[in-house]
Amino acid sequence: MTYLEVSGLTVRTAGDRTLVRDVSFALDRGDRLGLIGASGAGKTLIALSILGLLPRGLRAEGRIRLDGTDVLGAPERRLNRLRGRAVTAVFQESLAALDPLMRLGAQVAQPLRHRQGLRGKALRAAVVAALESVRLADPERMARAYPHEVSGGQRQRVAIAMALACEPALLIADEPTSSLDTTVQAEVLGLLDRLIGRTGAGLLFIGHDLAVVAGVARRLLVLDAGQAVESGPVAGVLSAPAHPRTQELVGTARRLRGALERMSP
Amino acid sequence: MNRTLVIGCALLAPIVALAAVSLAWTPYGPADTTGGRLTPPGAAHLLGTDRLGRDLLTLVMIGARTALTTGVLAVAISALIGVAGGLAAGFAGRLADDVLAAALDILIAFPALILALLVVAAVRPSLFATVLAIGLAMSAVLARLTRALVKGVLAQDYITASRASGTSWPRIVTGHVLPNIWPALSVNLALQLGLAVLAEASLAYLGLGAPQPDISWGRLLREAQATVFTSPISLIAPGLLLAMLVAGANLAAQGLRLAADPALRVTR
Ligand SMILES: Nc1ncnc2c1ncn2[C@@H]1O[C@H](COP(=O)(O)OP(=O)(O)OP(=O)(O)O)[C@@H](O)[C@H]1O
Ligand SMILES: [Mg+2]
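Respectively, the protein sequence lines represent chains P and V.
Going by the numbering used here, the first sequence opens with residue 1, and the numbers climb by one from there.
Going by the numbering used here, the second sequence opens with residue 1, and the numbers climb by one from there.
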């Protein structure tokens with residue numbers, strides 16, 4: 001049975017505006033699906049639906065099965081057992097995704113303490129190991145720092161360490177690098193790629209930049225105004241985009257690429 | 001410790017000291033009138049005596065105790081009710097939240113002093129009634145503030161991120177919500193300490209505070225009115241201490257805020 005199965009997912013506001021319409025896809029451990037679409041297409045809402053964390057006032061219909069559990073309509077207790085272990089997420093803005101008043105080490109320690117019951121020395125060692133696994137130099141100092149005291153790239157590494165601390169079966173990465181500059185972005189993507197490869201977790205990678213998403217994912221799902229308009233293996237979608245929206249995305253990526261190549265001597 | 005907090009505490013310290021010493025010792029008894037009426041300041045009576053012949057330093061010391069007790073207890077009541085109510089409203093569903101918010105707005109529209117007057121009028125005047133009245137009146141403001149702060153924190157991405165990694169609601173509250181609303185809350189609690197003391201003094205000044213044996217700066221001020229030209233010290237002493245306490249509480253509040261926010265903290 002597939003680890004995550006989303007079928008006919010529809011998200012509506014209380015005023016009956018449809019934000020996501022009839023989206024279906026499946027994702028297994030070790031698999032990498034790219035969810036791509038313009039700003040406002042509904043990517044984050046899909047991610048939040050899977051986590052059972054839709055904001056108040058939004059309703060999800062359809063069916064989401066995660067590790068044999070129906071997520072939609074499940075009680076908070078059941079959902080909470082899934083979060084962190086079955087699925088977890090890294091979000092876009094690294095500064096907003098970390099508690100400004102909590103030292104980075106304490107934030108990474110939170111899931112380790114509550115999920116794996118680590119305490120004292122073992123907990124501290126696990127925090128340092130988690131920070132080391134995301135290639136942060138001087139993890140001891142990093143653990144004592146506050147979010148505003150480190151760079152955006154370092155913060156996003158901490159967020160990844162926090163998300164992967166309990167070795168989740170599935171990671172949702174919602175534009176994890178869009179607030180970083182290109183060099184740092186490449187580093188963080190490489191890191192994510194290695195870590196996911198090592199743990200064998202499934203990855204739902206969300207983005208609006210085709211070049212980035214196609215570099216990480218194996219399959220693509222193109223979203224337009226809340227609807228899935230195209231899906232398939234990355235190579236297929238790139239070579240023969242069927243939907244105008246996809247053609248637009250591919251065209252943009254090509255033009256950028258072409259401009260870069262013309263500029264290089 | 002930052003400079004603002006230090007100055008605030010320096011203003012509060014002598015008042016706390018006066019109140020503490022008064023528990024064990026005062027120059028005279030509060031009912032001792034052997035000094036004679038309106039004796040000017042001197043060796044026997046450092047601040048002189050009032051128009052009933054009581055030692056002013058003694059009265060002012062006991063008044064400090066009353067002021068601090070009132071302030072601390074009223075803030076405790078306000079914090080208990082206000083923070084709990086605000087947290088409940090912040091987490092509540094839309095309907096319950098709307099009802100609570102409307103109720104708070106109506107409560108807050110009443111001036112706190114009028115609200116306190118009503119409570120004091122309803123029960124027999126006593127120090128406890130005064131404290132309860134002030135605490136209740138202030139708790140509405142605190143509840144509204146807490147509700148707004150909780151809503152703000154819950155909307156933050158780090159709450160979503162923390163929940164995505166499996167943190168339960170109780171731990172979200174203790175680990176993220178309370179620490180993040182505390183800076184703004186503590187400032188307000190300290191401000192309320194000053195307000196509570198002022199309110200107690202005002203009630204006593206209006207003659208609605210605790211009855212006779214209890215001594216408060218507010219009543220000293222009321223009694224000093226009649227003799228303000230012959231014995232200005234009996235007005236100045238309690239008035240100055242009252243001002244010191246309120247200013248000290250405000251500065252300490254500001255200092256606490258600076259101390260609680262790591263991004264505002266001055267590099268050592
Ligand atoms: N709580 C909400 N109430 C009402 N509408 C919402 C709410 N949250 C999001 N929306 C709307 O739903 C649509 C999809 O939002 P979503 O955040 O999923 O977009 P996105 O694809 O993640 O975009 P971006 O790339 O900018 O992050 C948007 O039009 C947004 O305005
Ligand atoms: Mg988004």
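Rather than coming from a laboratory, the hints here were simulated on the basis of the structure.
Be aware that one or more of the hints could be misleading.
Pairwise CB distance ranges (calculated) [as the list claims (entries may be wrong)]:
1. V:D105 <-> P:H148: 27 to 37 Å
2. P:R56 <-> V:V228: 31 to 41 Å
3. P:G117 <-> V:A121: 53 to 63 Å
4. V:P262 <-> P:D28: 18 to 28 Å
5. V:A155 <-> P:R141: 45 to 55 Å
6. V:R94 <-> P:R21: 20 to 30 Å
7. P:T69 <-> V:D97: 27 to 37 Å
8. V:Q212 <-> P:H148: 50 to 60 Å
9. P:G117 <-> V:P262: 42 to 52 Å
In silico lysine to any residue, SDA-like type, Cα no more than 25 Å apart, as pairs [stated by the list, open to error]:
10. V:K151 <-> P:R12
11. V:K151 <-> V:P125
12. V:K151 <-> P:A96
13. V:K151 <-> P:R103
14. V:K151 <-> P:A14
15. P:K121 <-> V:G175
16. V:K151 <-> P:F25
17. V:K151 <-> P:R65
18. V:K151 <-> P:K121
19. V:K151 <-> P:A106
20. V:K151 <-> V:V119
21. V:K151 <-> P:P55
22. V:K151 <-> P:G15
23. V:K151 <-> V:V99
24. V:K151 <-> V:L87
Ideal Cβ placement from N, Cα and C applies to all residues, glycine included.
Results of checking the hints against the structure:
1. V:D105 <-> P:H148: 27 to 37 Å: Once the Cβ atoms are compared, 35 Å apart, the range 27 to 37 Å for H148 of chain P and D105 of chain V holds.
2. P:R56 <-> V:V228: 31 to 41 Å: 59 Å, violated
3. P:G117 <-> V:A121: 53 to 63 Å: 57 Å, holds
4. V:P262 <-> P:D28: 18 to 28 Å: Violated - the Cβ-Cβ distance for P262 of chain V and D28 of chain P, about 42 Å, lies outside 18 to 28 Å.
5. V:A155 <-> P:R141: 45 to 55 Å: 31 Å, violated
6. V:R94 <-> P:R21: 20 to 30 Å: 25 Å Cβ-Cβ, so the 20 to 30 Å window holds.
7. P:T69 <-> V:D97: 27 to 37 Å: About 30 Å separates the Cβ atoms of T69 of chain P and D97 of chain V, which means 27 to 37 Å holds.
8. V:Q212 <-> P:H148: 50 to 60 Å: Check passed, 56 Å falls within 50 to 60 Å.
9. P:G117 <-> V:P262: 42 to 52 Å: Since the Cβ atoms of G117 of chain P and P262 of chain V sit about 29 Å apart, the hinted range of 42 to 52 Å is violated.
10. V:K151 <-> P:R12: Status holds; Cα separation ~22 Å.
11. V:K151 <-> V:P125: 38 Å, violated
12. V:K151 <-> P:A96: Satisfied, since the Cα-Cα distance of roughly 15 Å is no more than 25 Å.
13. V:K151 <-> P:R103: 23 Å, holds
14. V:K151 <-> P:A14: Holds - the C-alpha atoms of A14 of chain P and K151 of chain V are around 19 Å apart, at most 25 Å.
15. P:K121 <-> V:G175: 21 Å, holds
16. V:K151 <-> P:F25: Violated, because 34 Å separates the two Cα atoms, which is more than 25 Å.
17. V:K151 <-> P:R65: Roughly 31 Å separates the two Cα atoms, so the pair is violated.
18. V:K151 <-> P:K121: Given that 25 Å is the threshold and the Cα spacing comes to 36 Å, the pair is violated.
19. V:K151 <-> P:A106: 23 Å, holds
20. V:K151 <-> V:V119: 31 Å, violated
21. V:K151 <-> P:P55: Holds. K151 of chain V to P55 of chain P sits at ~12 Å (cutoff 25 Å).
22. V:K151 <-> P:G15: Within the cut-off at roughly 22 Å; holds.
23. V:K151 <-> V:V99: 16 Å, holds
24. V:K151 <-> V:L87: 9 Å, holds
In this structure, the earlier hints numbered 2, 4, 5, 9, 11, 16, 17, 18, 20 are contradicted, and the remaining ones agree with it.
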